[in-house]
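Asker: What follows is the residue order along each chain.
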Amino acid sequence: MGEVIVVTSGKGGVGKTTTTANVGTGLAKLDKKVVLIDTDIGLRNLDVVMGLENRIVYNLVDVIEGNCKIKQALIKDKRYPTLYLLPSAQTRDKSAVKPEEMKQLCEQLKPEFDYIIIDCPAGIEQGFENAVAGADRALVVTTPEVSAVRDADRIIGLLEAHEMKKTDLIVNRLRMDMVKTGDMMSSEDVVEILAINLIGIVPDDEGIIVATNNGEPLVGNDTKAGQAYMNICKRIIGEEVPFLDLNAKKGFFSRIFGRK
Amino acid sequence: MSASVTIKGSKNGITLVLSETEEYDVLKEKVEKKFKESAKFLGNAKTAISFEGKKLSEEQKEEMIKIITENTELEIVCILDNSEEGNARFAQAVEKKINEMTAANAKIYKGNLRSGQSLESDAGLIVLGDVNPGAGLISKGNIIVLGSLRGTAWAGAGGNENCFVICSDMVPMQIRIADIIARSPDHKDKKDVQNIKIAYLEKGSIVISPLSKDIISNLVL
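Same order as they appear, the protein sequences are chains Y and U.
When we follow the numbering used here, the leftmost residue of the first sequence carries the number 1, and every step to the right adds one.
When we follow the numbering used here, the leftmost residue of the second sequence carries the number 1, and every step to the right adds one.
Keep in mind the hints are simulated off the structure, nothing from the lab.
There could be a bad hint or two in this list.
What the hints assert, rightly or not - Computed list of lysine-lysine pairs in DSBU-like fashion (alpha-carbon distance at most 35 Å, straight line):
#  : chain 1 : residue 1 : chain 2 : residue 2
1  : U       : K61       : U       : K30
2  : U       : K54       : U       : K40
3  : U       : K188      : Y       : K180
4  : Y       : K78       : Y       : K103
5  : U       : K188      : Y       : K166
6  : U       : K188      : U       : K107
7  : Y       : K69       : Y       : K29
8  : Y       : K166      : U       : K8
9  : U       : K28       : U       : K54
10 : Y       : K94       : Y       : K69
11 : U       : K188      : Y       : K11
12 : Y       : K224      : Y       : K180
13 : U       : K110      : Y       : K165
14 : U       : K110      : Y       : K234
15 : Y       : K224      : U       : K188
16 : U       : K188      : U       : K203
17 : Y       : K103      : U       : K110
18 : U       : K30       : U       : K96
19 : Y       : K180      : Y       : K11
20 : Y       : K98       : U       : K110
21 : Y       : K76       : Y       : K110
22 : U       : K107      : Y       : K11
23 : U       : K110      : Y       : K166
24 : U       : K107      : Y       : K165
Bear in mind that the values here come from a model prediction, so they are computed numbers and not experimental data.
Use the sequences and the hints to build the structure in full.
Answerer: Structure (structure tokens):
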């Protein structure tokens with residue numbers, strides 16, 4: 001039976017879709033069978049980040065309303081044979097789907113896939129309710145800004161109210177140089193407030209913007225962000241992976257005496 | 001210009017205001033007339049009555065009630081003592097009872113309160129966990145947080161100024177005690193040592209200080 005993971009944050013623009021794309025692709029790289037579901041009805045963009053926009057024929061709402069079979073709506077990824085995308089509808093809104101229907105959809109997909117990853121829209125309204133309805137665990141994405149952390153806190157509270165079995169935290173777009181000068185919250189600061197398990201720290205990386213624009217998730221390549229996302233994937237499947245040393249490049253002594 | 005007889009409605013029934021300068025016999029007639037006029041409006045409720053203005057003897061009060069019941073459908077079930085002194089005594093007794101209750105009881109909550117969540121209690125509140133920004137505690141009694149208080153806390157929400165807030169990590173957005181509100185400074189001092197602190201009311205403003213034996217011995221429960 002597969003596991004349903006919802007990627008959520010409360011605040012917009014912190015990297016839910018990027019995380020969904022990279023974690024999904026990373027799990028597929030680890031030979032897992034994965035389906036990504038975009039529940040941001042009306043503001044669809046996971047397909048763009050995945051570079052699969054041109055393949056969309058049917059979407060989530062079509063599946064829910066019975067206009068097509070699930071299999072017809074699933075788009076097979078162009079790079080990884082075990083990765084699929086169920087895109088969102090662009091012409092409808094959140095009310096087109098009910099939480100109960102999402103739950104049923106997840107149950108139908110569970111036997112077929114190892115991981116079902118749901119990209120949650122920003123906000124705490126119907127879209128959020130839909131996205132979390134069928135989920136077994138949640139990845140809460142936040143950036144090290146008070147506004148994002150505040151919203152993440154609210155979301156974690158709501159997830160607890162939904163009796164989510166497991167909730168992990170991803171701190172996205174961390175800039176070590178700013179943390180060092182005291183201008184940015186560190187991941188420790190964020191964890192202290194949110195008090196949930198930290199499953200990954202993703203450094204701020206220009207490569208993400210390039211990757212998003214090209215529709216090529218950078219998970220697993222040799223950038224720091226790519227490695228960080230791969231580590232998150234490994235932790236999701238239960239491997240113990242030490243956190244990346246985000247300071248590795250910096251410092252004279254560490255270059256001479258640094259790790260082998 | 002004030003009428004010598006006025007009927008006032010209140011949540012405790014009706015109040016009959018009588019001019020102190022008028023003779024009792026004149027008042028009697030006026031009361032009779034007034035109630036006859038407003039019988040329809042007053043209806044047939046069971047109500048309590050209180051007297052204001054002219055001091056009446058017990059017999060006179062009885063007579064007044066008789067006039068009212070004869071001329072209206074009202075049923076007067078009791079006479080309320082409306083004097084200031086009586087009210088003050090009553091309020092004091094209620095307050096004392098409430099304070100006793102809130103001091104003696106506390107609701108214990110285990111877990112973190114996150115943004116958007118709040119906890120209310122008619123008694124005291126003890127939280128074993130953090131209270132995050134955007135979360136709130138409201139208690140008619142005292143508040144104790146064994147964790148970080150980063151949100152808002154309102155102790156003595158019923159108006160008890162002896163209430164206090166104790167936390168193991170005091171970094172609140174806002175603290176209220178009774179009707180007094182204190183907010184956090186706009187620029188936080190990050191290096192503040194984390195130790196158990198207490199917020200209490202002193203001379204009308206909220207004071208936060210480390211919890212010392214002196215302070216504990218001065219607390220009123």
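Asker: A separate judgement is required for each hint: does it hold in the structure or not?
Answerer: Cross-check of the supplied hints:
no., hint, verdict
1, U:K61 with U:K30, "15 Å, holds"
2, U:K54 with U:K40, "26 Å, holds"
3, U:K188 with Y:K180, "19 Å, holds"
4, Y:K78 with Y:K103, "28 Å, holds"
5, U:K188 with Y:K166, "34 Å, holds"
6, U:K188 with U:K107, "31 Å, holds"
7, Y:K69 with Y:K29, "27 Å, holds"
8, Y:K166 with U:K8, "62 Å, violated"
9, U:K28 with U:K54, "12 Å, holds"
10, Y:K94 with Y:K69, "21 Å, holds"
11, U:K188 with Y:K11, "25 Å, holds"
12, Y:K224 with Y:K180, "18 Å, holds"
13, U:K110 with Y:K165, "18 Å, holds"
14, U:K110 with Y:K234, "33 Å, holds"
15, Y:K224 with U:K188, "33 Å, holds"
16, U:K188 with U:K203, "25 Å, holds"
17, Y:K103 with U:K110, "30 Å, holds"
18, U:K30 with U:K96, "42 Å, violated"
19, Y:K180 with Y:K11, "25 Å, holds"
20, Y:K98 with U:K110, "33 Å, holds"
21, Y:K76 with Y:K110, "17 Å, holds"
22, U:K107 with Y:K11, "33 Å, holds"
23, U:K110 with Y:K166, "19 Å, holds"
24, U:K107 with Y:K165, "26 Å, holds"
In terms of the numbered hints stated before, the structure departs from hints 8, 18, listed from lowest to highest.
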